[in-house]
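> Here's the letter readout for the chains.
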Amino acid sequence: MMLDKKKGADSPNTAAAQSAVQPGDVMIHVENLKKTFGDNEVLRGITQDIRKGEKIVVIGPSGSGKSTFLRCLNLLEEPTEGKIIFEGTDITSDDVDINIIRRRMGMVFQHFNLFPNMTVRKNITLAPVRTGFMKQDEADKEAERLLDRVGLLDKADAYPASLSGGQKQRIAIVRALAMNPDVLLFDEPTSALDPEMVGEVLEVMKELADDGMTMVVVTHEMGFAREVGTRVLFIDEGVVMEENKPIPFFADPQNPRLQDFLSKVL
Amino acid sequence: MSVWWNDICNQFYQSFIEADRWKRYIAGLGISFTVTLGALVIGIILGILVAVVRTLHDQQKAKDRGALLNFFNKVCEIYTTVIRGTPMMVQLLIMGFVIFRTSRNLIGVAILSLGINSGAYTAEIIRSGIMSVDPGQMEAGRSLGMDYITVMKDIIIPQAIKNILPALGNELITLFKDTSLVTVIGLTDLTKAAQQIQGKTYQAFMPYIGIAIIYLSVVMLMTKGLGILERRLRESDAR
Chain Y
1 MMLDKKKGAD SPNTAAAQSA VQPGDVMIHV ENLKKTFGDN EVLRGITQDI RKGEKIVVIG
61 PSGSGKSTFL RCLNLLEEPT EGKIIFEGTD ITSDDVDINI IRRRMGMVFQ HFNLFPNMTV
121 RKNITLAPVR TGFMKQDEAD KEAERLLDRV GLLDKADAYP ASLSGGQKQR IAIVRALAMN
181 PDVLLFDEPT SALDPEMVGE VLEVMKELAD DGMTMVVVTH EMGFAREVGT RVLFIDEGVV
241 MEENKPIPFF ADPQNPRLQD FLSKVL
Chain Z
267 MSVWWNDICN QFYQSFIEAD RWKRYIAGLG ISFTVTLGAL VIGIILGILV AVVRTLHDQQ
327 KAKDRGALLN FFNKVCEIYT TVIRGTPMMV QLLIMGFVIF RTSRNLIGVA ILSLGINSGA
387 YTAEIIRSGI MSVDPGQMEA GRSLGMDYIT VMKDIIIPQA IKNILPALGN ELITLFKDTS
447 LVTVIGLTDL TKAAQQIQGK TYQAFMPYIG IAIIYLSVVM LMTKGLGILE RRLRESDAR
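Which chain is which? The protein sequence lines are Y and Z, in order.
Under the working numbering, the first residue of the first sequence is numbered 1, with each subsequent residue one higher.
Under the working numbering, the first residue of the second sequence is numbered 267, with each subsequent residue one higher.
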């Protein structure tokens, strides 16, 4: 099975963007990103360039700000300071319609957040239909195609409550893919899963990666980071303490905090 | 024994059979149903509007609210305070004899009064329902690029309604029983029908026990219906 992206020609909200951003071009430029909750400084100035086709893996201890960093990228958290430029648009500016931006940035959550009152098919087709991206019958076809690719076509008319955690997360990934996004954000996608279900979700993510999807993944799966990541970021105390390609990152960590962290998790 | 029994039969005959009086109970019950239904629709629409405005206001940070939202939130607050702070019967009297004193459309006045009253309570029920839905649902909906209203309408409110169905059912039952108050503006509902028949026959026992049984039966039917509805809505929870 292969999770190829739908061709851009019939997808109005990505066609222009895809032609504008070539592989290797900067897709998301993050500049001096800061976020405080009350007195708590969670992000203390992060500057990053995420290029098209990159698979960024973000690791760090809990409370380090790695999830907040991810959630700032699609403005689920509003940055206190700093800029985020996505495909040439400053999305922190007041006159940007964030709904249109978010259609090009899919997100997968730790707790799946499937809509429990709808069937799997409706979960997947709701956003494409409601945003006017697809007609219901087109969306149904696309949902079936994507479900088939993750091996869950037979669950199309099931409700989320009847599914296992691994199945729910694979469907959450399909739901994000149905909007044909340019980048996928993963917020600890396997942390809420029973151990025997982690593999099936990582498998789908690997296929997406092989397919050229741009991904930002916050995870504790070091194996995934090593195997799939093109760049690994270590975030602690609200800053990127170290970043490198996966092999040197794990083999030769420089920062003492990273050395300490890796000695605990590996 | 037989004298007592004859008396009962006689009273029953006078209160229900003579001069086709049973038709007046049926007509009265019809009015009570019409008022309940109309008020329920107004109450739910008002309730959802008020609940969404107040939740939207509470969820936004102070700087993003804007004057319009602050204004509507204030209006909603005053509405719930006034309606919940005054008796239903006083509201009916004011609506019937002050605001709409020239109106002949008594059913309309009754529906409007009860609907406005019910809306204030429904709003709080719906608000608690909205807050009971996992915030992750809103985040997931918004992360897919849908706007706030769409996510509310298609994702949050259906789940909220399911969570609050028992409380809403309670509100429906209260509303139905409160229709007996519309007698004060002169509308011939079920209670008024019983009063009029008592005025004709000079017997209170049969008409009032009779309508008590009718009210009770209707409420029991509603409870049954709500139970079925609740089970239907829980279908998606089946494992």
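If you are wondering where the hints come from, they were derived from the structure by calculation, not from laboratory data.
Fair warning: this is a prediction, and the values are worked out from it, not measured in the lab.
It cannot be assumed that every hint is accurate.
[As the list claims (entries may be wrong)] Below 27 Å or equal to it, Euclidean Cα-Cα: the simulated DSSO-like pairs (lysine-lysine) are:
| no. | chain 1 | residue 1 | chain 2 | residue 2 |
| --- | --- | --- | --- | --- |
| 1 | Z | 419 | Z | 443 |
| 2 | Y | 52 | Y | 264 |
| 3 | Z | 466 | Y | 122 |
| 4 | Z | 340 | Y | 141 |
| 5 | Z | 428 | Y | 155 |
| 6 | Z | 340 | Z | 289 |
| 7 | Z | 419 | Y | 122 |
| 8 | Z | 466 | Y | 135 |
| 9 | Z | 466 | Y | 155 |
> Now look at each hint and say whether the structure bears it out.
Outcome of the hint check:
no. : hint             : verdict
1   : Z/419 with Z/443 : violated (30 Å)
2   : Y/52 with Y/264  : violated (32 Å)
3   : Z/466 with Y/122 : violated (61 Å)
4   : Z/340 with Y/141 : violated (47 Å)
5   : Z/428 with Y/155 : holds (23 Å)
6   : Z/340 with Z/289 : violated (47 Å)
7   : Z/419 with Y/122 : holds (15 Å)
8   : Z/466 with Y/135 : violated (65 Å)
9   : Z/466 with Y/155 : violated (67 Å)
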